Amino acid sequence: MSRSGLDVSLVPVVLAVYASAALAYGLLWSSRFRLAKIPATVLMSVGLGLNLFQIVYRWVTIEQPPFKTLYESLLLLAVCIAIVYLVIEGVYRLRILGLPSALGAGATVLYAFLQVEKEAVNLPAALQSGWFIPHVVVYFFGYAALFVGTAAAAIYLLRPAPIRLGRRDLTGSREIDVEGFMSSSVRFGFVLLTTGLLMGAFWAKAAWGDYWVWDPKETWSLVTWLVYAAYLHLRFMSGWKGRKLAVVAIVGFAAVMFTYLGMNVLPTAESSLHVYQ
Amino acid sequence: MTRSAMKTGSERPSYHTVNVIIGIHAATYALAIALQHVVTGTSGDDAGRVRMLSVACGLLAFAGVAGGAVIRKSIFKAIASTDFGVVSLVTLTLLSILGTVILQNQPGAVFTSTYGSLSGVLAFLFVDDLFHSFAFSAIVGLAAGALTATLFKRKKLTARRLGVIGAHLGCLLCLAGAAVGSVWGVKGRLKMHVNEEASSFKVLGDDGKMAEVPLGYTVRLDEFELLHYEPEFRLRIFDIDEDGEDLVRSIDPLAENAPGELRTYGVAMNGYWPDHAMQLEVEPADPGAAQQAALPAVGLKRVRSDNGMMWLFDEGQPGGGRLDAGDAGVLAFFWQAARAEKLLDEIEAGGGGGSPHVLVAGAARLEVALGKSYSIEGFEGLVKVLSVYRDFVIDPETKRPSERSNAANNPAMEVEILDSGGHSIGQRWLFAKFPSFGHKDKAPGPEMRYEYRGQGTAFSKGLLLVGETGEAWTIEDAALAGKSSFKDERTVTIGGQEFVVAALHESAVASHLHVSRSDEALNPVVEIEIKGEQAPRFMGAGQAVEIGDGRVLALTPKGDDVRDFLSTVTVLEEGKPVLTRKVEVNSPLSFGGFSLYQSEYDPRDPTFSGFEVVRDPGLFSVYAGLVLMMLAVGHVMLVVPVMNRLRKRRSGGAGEGGK
Chain A
1 MSRSGLDVSL VPVVLAVYAS AALAYGLLWS SRFRLAKIPA TVLMSVGLGL NLFQIVYRWV
61 TIEQPPFKTL YESLLLLAVC IAIVYLVIEG VYRLRILGLP SALGAGATVL YAFLQVEKEA
121 VNLPAALQSG WFIPHVVVYF FGYAALFVGT AAAAIYLLRP APIRLGRRDL TGSREIDVEG
181 FMSSSVRFGF VLLTTGLLMG AFWAKAAWGD YWVWDPKETW SLVTWLVYAA YLHLRFMSGW
241 KGRKLAVVAI VGFAAVMFTY LGMNVLPTAE SSLHVYQ
Chain B
1001 MTRSAMKTGS ERPSYHTVNV IIGIHAATYA LAIALQHVVT GTSGDDAGRV RMLSVACGLL
1061 AFAGVAGGAV IRKSIFKAIA STDFGVVSLV TLTLLSILGT VILQNQPGAV FTSTYGSLSG
1121 VLAFLFVDDL FHSFAFSAIV GLAAGALTAT LFKRKKLTAR RLGVIGAHLG CLLCLAGAAV
1181 GSVWGVKGRL KMHVNEEASS FKVLGDDGKM AEVPLGYTVR LDEFELLHYE PEFRLRIFDI
1241 DEDGEDLVRS IDPLAENAPG ELRTYGVAMN GYWPDHAMQL EVEPADPGAA QQAALPAVGL
1301 KRVRSDNGMM WLFDEGQPGG GRLDAGDAGV LAFFWQAARA EKLLDEIEAG GGGGSPHVLV
1361 AGAARLEVAL GKSYSIEGFE GLVKVLSVYR DFVIDPETKR PSERSNAANN PAMEVEILDS
1421 GGHSIGQRWL FAKFPSFGHK DKAPGPEMRY EYRGQGTAFS KGLLLVGETG EAWTIEDAAL
1481 AGKSSFKDER TVTIGGQEFV VAALHESAVA SHLHVSRSDE ALNPVVEIEI KGEQAPRFMG
1541 AGQAVEIGDG RVLALTPKGD DVRDFLSTVT VLEEGKPVLT RKVEVNSPLS FGGFSLYQSE
1601 YDPRDPTFSG FEVVRDPGLF SVYAGLVLMM LAVGHVMLVV PVMNRLRKRR SGGAGEGGK
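Top to bottom, those sequences are chains A and B.
Quick note on the working numbering: the first sequence kicks off at 1 and runs consecutively.
Quick note on the working numbering: the second sequence kicks off at 1001 and runs consecutively.
A couple of the hints might just be wrong.
Unchecked claim - Not close to chain B: a few residues of chain A, all C-beta gaps over 10 Å, as computed:
1) 19
2) 34
3) 36
4) 53
5) 59
6) 61
7) 121
8) 125
9) 163
10) 223
11) 237
12) 244
13) 247
To be verified - Derived pair list, reagent style PhoX-like, types lysine-lysine, alpha-carbon separation capped at 25 Å:
14) A:241 x A:118
15) B:1372 x A:241
16) B:1576 x A:217
17) B:1372 x B:1433
18) B:1191 x A:241
19) B:1433 x B:1191
20) B:1576 x B:1202
21) B:1156 x B:1483
22) A:241 x B:1202
23) B:1153 x B:1077
24) B:1191 x B:1073
25) B:1156 x B:1077
Keep in mind the hints are simulated off the structure, nothing from the lab.
Computed from a predicted structure; not experimentally measured.
Yeah, the Cβ is synthetic: ideal placement off N, Cα and C, and Gly gets one too.
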């Protein structure tokens, strides 16, 4: 029997809500539409709530964690982006990242919507592990944090000046240094990326007897880790500040996206155990 | 580590430039390639030895930078610098990407056919096994040297530096553990069958041949379980072009909207049976109607059995045949006593059999045998019988044809069409109960169908039922053992089994109904009609048909349905069991220095189990490194910024990150 249902039907609704949130956050970029603040946050929260409901509903329906297929993982990524953004908005009173975050979550849901295979598939033996949920969730929160960091990098390239806040944020600051914010997001994402990578190594050892086999997906996970490790070290090299670092952050996220979605173009991916088919 | 602490002009050695550092990496890479050529030759050596020497090359590069750092303080500062670390990171990044873009560990012929003239250059640079090349190890060695130098850069250990030290030390521990594992670790395969014992396993030796490595104890495979999910099938529509196939739609044939979805692609779905079977319906022929293929028929039932009616049709008529009744032997039926007498004569003369497989082509009826070729009137070539199945099904695991049971539920025959020169020009599947299957295949050859007449190539035992007299002739040891009446539902006994004749028609019409024996998708069949075609088609598991517009419709398994595979293993020492436990994926057995990982199963052999056997003396170091890295990265990235913020608040000055 088919094991998909309400969560699939809700995809266009979630997409519409995230798109509306993006529109509202977009209006906030102009000082004439300050009143859009609350509707924007509400729409983003509603989008997150529905998105979260999709995952919980699917989890309950299929009786297994819904993180196996590309469709399922895209729903999870959208949730992670929305959560990370809303936490940032709550802590830093910063809505300038709302537009890219809502667009990012919306684009992710749109890509999920375009997937032909939306059905749940059975978990193979290797995925029936206690590592499955933490490994995937930690990685996707890492991706979300890095996405927000990349959005900050793009904003920094457009407008490097600090952003003045209407009122103090929860850290007591009245202005946000976008470059510093970008670095903080990347740092946080890097911690999660490292944790996810190392959890994967532990898991692979338990499942197959090898913690590392140079599988293309594993190797690209290492590539993203190395790029961000280079980013974090570059900050201490003379001449590597500001715009250059922002570009490296964007390159790093391109590596993340390639690791996540681009593996199928690699000639070595055929033998991969980890590639979304 | 703050920016002010890192960058003081007086600390910078005179040659501390990024270009020099890049030059060091490039030279090391080139030297390592040259060294690999000298040690192993371009043709390569055996994999095990190359890997070991590769680790040695990494250690050599590490020793080189470490030695330089010890000899001169300026070299130490250069190696411990962030610049050196970044160059090492970038180099490793680029090499890692290269290793995913270029095929790895492929046979020479594959490599050559893929990369053509470039393959020689790639092989010369050892890019074809990049991650085990001397050059890659040498760069890792340089990076390890930089990590080590960083650890000694600052003597004062502070709470803020704990994370930096831990992260770098964690990386070093992982690399050290990996190196130890590569050199002294053992990895091999152990393949067993249930109730087998093994005291050793096979590994690929340094000489490239398989070698036996003793475990130091004995393992016995007590039990093996291969667990499945309930099988499911999907109707999938693919766009086919020269670049390959793209999935357009995946439809659950059991879903209510499946016919509607298929209709949008010009396909009408008439029915779907997850566990398909044909059910025979026999009714007396209507004398007033324009008769189709009516023939005499008798319906038997086993006494004290819930099985349905068994129908036998006059063996002398087209479409008639025998039944295999197991211990009861063969059941055959003639309406006319004279025809039965003739068969009896043949039986008693040692014949009376013939092949149960009949190939019908036009007016010809050929009793065929497996592996033999036959000429068909009107066709210049030959038809060769490749395989026959009594209860054909596509095995969901192997995706290959197989027997579902011993009963003749779905007889099928695979034939090969040979031209007049004896060359194969195509193959075709013929299904006794689905004459329309395979007829529209593109394989050339004559029109033909397959009839299955039941078992009993040698009719030495069984019942010969005669319709016009209402008698059952008992055959034993290829001779008539007796005659009895089966009228009025009298019991007839043969081979310890009792039958009654429940129906007898001199002229009956048979029809086959499609039914599903269960809800499980064990033998899925879908009936479809494609726009522009006159007759419906029946598709079984794994079959595909063109539906126009460059599209193909296929009935395919939804996905892998193996849920788990697990072995019950007993460890024996000096013949005595010391430990029994289940080994499954994600739950290995560790004993006596070796770990057994469940790795293989054979869907065709339920008693087979395969294990990966691993001994990795570097594992503890790797694990310690991984844990240390996780903690340290968290400390550097999350704890230190908080410490900075608190310090900033206390001092009122600027902290890290410019906040």
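Hint by hint, work out which the structure violates, then give me just those numbers in ascending order.
Violated hints: 7, 8, 10, 11, 14, 15, 16, 18, 19, 21, 22, 24; rest satisfied.
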